[in-house]
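A.B. asks: As they're listed, the protein sequences go chains A and B. Per our numbering: the first sequence = residues 1 to 478. Per our numbering: the second sequence = residues 1 to 219.
Note that these hints are calculated values from the structure, not bench results. Quick caveat: nothing in here was measured; it's all calculated off a predicted structure. Careful, some of the hints might be misleading.
As the list claims (entries may be wrong) - Some but not every residue of chain B turned toward chain A, in silico, with C-beta under 10 Å:
(1) K23
(2) A48
(3) L54
(4) Q86
(5) A90
(6) G201
(7) W204
Glycine included, C-beta positions come from ideal geometry on N, C-alpha and C.
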Amino acid sequence: MAFTELLNVTDSSSLNFLIWFMVIVCMLYFARKFAHEAILSFCKIFRNGLRLMAKSALLAEKKVSERNREVILTTGKEAVEKMLEREFHRVNAVVQRDLSGFPVLKRALFDQISRIDEDYMQSSELPPPPPEWVEAVEAIAKLPYDGNGNKAVANILNEIHKSTLSQYKNAMEEYRKAVGAHHSALNRLMPYWRKLTQTLGEVGKTITGLQERSVQIDKQMDKYEEILSKTDKAERMLTSSSITQFFISGLVLLIAVGGAIVNFNLIALPMSEMVGGGSYIGGFKTSNVVAMIIIMVEVAMGLYLMESLRITRLFPIIGQMDDKMRTRMIWITFGILLILACIESSLALMRDTIALNNQALLQTLSGEDVLQPANAWIPMVGQMVMGFILPFVLTFVAIPLESFVQSFRTVLGVLSTLLLRILAFLMRLVGNIIFNLGCFTVNLYDVIIFPPLYLENYITSTKQNMVQNKRKEKEAVK
Amino acid sequence: MKKNLILIIFAVFICANGCADTKSHSTAVYMLMDTSGTYKKQLTQAKAIINYLLGTLQSGDSLAVARIDSSSFSEKDIIAKMTFDQRPSAANKQKLMFKKTVEDFIMNVQGSSHTDITGGILQAVEYIEETGAGKKSILIFSDMEEDLVKGHTRDLDKINLNLTDYRVVALNVIKLGSDQIDPAKYYDRLAVWENRVKERGGAWEKLGDLKRLESLMAN
């Protein structure tokens with residue numbers, strides 16, 4: 001007997017449906033309290049669980065952001081310290097170079113000034129001696145008149161006039177000589193003035209350079225103070241700087257990848273001549289793998305070289321080496337790079353030869369005459385030069401790589417906090433939705449069993465009315 | 001220390017073995033040229049195909065060219081066969097030698113009275129299996145009209161020929177005089193070969209336009 005047949009209480013299907021509906025509604029009515037509790041507690045489990053998870057996510061986000069803050073501020077502090085150190089080194093260099101000779105300069109300035117002073121003193125005009133004949137003329141003029149026209153006086157005055165004229169001529173000559181000497185003394189002053197101006201200009205330049213440096217130092221110090229006081233502004237500034245660095249270094253790395261691809265294409269074909277063109281490693285041609293490894297080795301050597309030169313600080317162990325060892329490392333890595341560059345250059349030459357051979361073969365196979373391309377040496381030389389230069393170009397990948405790695409840490413931190421925040425929000429949202437869905441289900445449950453509920457309400461209200469009526473009657477009797 | 005070193009060497013050995021590619025990436029092409037009287041004139045076109053193959057195949061690949069004559073199941077019918085050197089420069093020299101051998105053959109070819117295509121295919125499979133190539137192709141430059149010598153049998157079921165991973169390409173299948181009278185014969189002929197190849201696990205293709213060979217080989 002099938003289960004569906006068991007459900008058929010009567011022959012009429014609609015009656016069957018009605019009976020079973022009523023049975024189910026009754027069952028649901030009796031189980032109402034437990035069902036409500038079960039639904040609500042089930043939803044609460046989810047909501048509380050999700051809330052707890054959201055809280056954990058927010059806590060994790062807080063921890064991550066605190067850690068990020070610490071990392072950003074520490075990195076920023078180190079960077080500013082490096083900048084300040086470099087600025088102070090520059091100031092020190094300027095002071096040592098330009099101001100270490102300041103006492104000498106001061107003495108030279110004093111010498112120049114005293115010389116100028118002396119020359120100036122020499123150049124000052126001497127007042128002409130007072131004319132002695134004026135007093136003689138005055139004395140003669142006071143002589144009494146003798147009535148003969150004072151011929152004697154006239155003779156004396158004539159003589160005085162003559163001697164005055166001759167004296168005047170002599171005095172004028174001497175005066176001109178003296179003025180000429182003063183002018184030549186003043187002329188001698190000119191180079192000293194120029195020298196003095198030049199010396200003072202140099203001092204001025206140095207002082208201006210120092211002032212500019214001091215402005216830079218002031219700026220960096222302000223930044224440093226903000227970082228030390230761990231302000232939000234400093235954090236925001238450093239975060240934005242890191243993100244900018246991330247994108248810029250990423251872009252430069254992409255360019256470097258392009259360079260590596262060019263390099264790869266340059267050496268992959270000739271590699272097949274060395275390691276065979278038909279062998280494979282894990283689905284890749286051995287010649288391609290070997291070419292890629294050579295490029296990787298070049299990049300690695302470039303990293304070590306940059307590290308040894310203390311341009312980058314990716315490997316602290318290299319930076320901590322003593323100077324002798326570091327210098328050795330510089331020469332070793334540079335030597336290996338040079339050898340690799342020479343190998344690449346020769347591979348580029350081989351590539352050109354192979355390409356020409358292939359072209360000649362294809363021309364022969366197609367029945368054409370084998371043509372030697374004009375100026376075939378130009379691409380050959382170009383390829384050789386590229387093969388030589390590219391390993392050294394790839395050396396500089398270390399700089400953007402360091403920036404990328406450092407800024408990536410910050411970017412990753414920012415992204416993870418963002419993700420955790422979104423996760424927490426979503427968990428709370430889902431938890432609330434589930435709880436509200438539970439409430440909705442409870443209401444829907446009541447809607448389904450509304451006939452017995454209505455009946456229950458009706459009976460309860462009737463009973464209450466009866467009780468109230470009885471009470472009123474008793475009170476009336478009393 | 002010594003123990004650690006041995007462990008490291010062992011690990012490197014294991015890794016190297018794990019990385020080693022066991023799958024063959026080389027290609028083997030076996031080209032059958034029909035030299036029967038009716039088809040001999042078409043051989044100049046075959047030369048172009050062989051030249052194309054020589055230009056396409058890489059170091060480590062194998063190429064063989066054989067004639068289809070009255071009894072093709074024979075090494076003697078192989079005109080030229082070569083697995084190209086791993087070094088591209090040496091492979092180029094081999095290709096030039098190959099070209100010359102084929103050209104000499106085409107210039108001095110003698111027409112055969114019968115056409116044993118099945119025997120040629122059997123010989124092709126034998127050769128290709130020896131090369132151990134990953135990609136296997138048999139090119140049949142013929143009108144696909146088999147005409148065996150009386151008494152010769154080519155029962156493929158008895159031989160249990162397996163053409164799995166093989167691609168059989170019929171090239172330049174010209175229409176015979178009888179096909180002009182009844183085109184159904186042409187289609188029946190092709191259908192028979194297609195069934196023979198597919199029943200034995202091979203992939204069948206027919207190429208009328210030789211320019212399409214480039215895309216076919218690229219696939």
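A.B. asks: Run every hint past the structure and note whether it holds.
C.D. replies: Hint check results:
no.	hint	in the structure
1	K23	holds, 8 Å
2	A48	holds, 9 Å
3	L54	holds, 6 Å
4	Q86	holds, 3 Å
5	A90	holds, 9 Å
6	G201	violated, 24 Å
7	W204	violated, 28 Å
Hint compliance for this structure: hints 6 and 7 are not met, and every other hint is.
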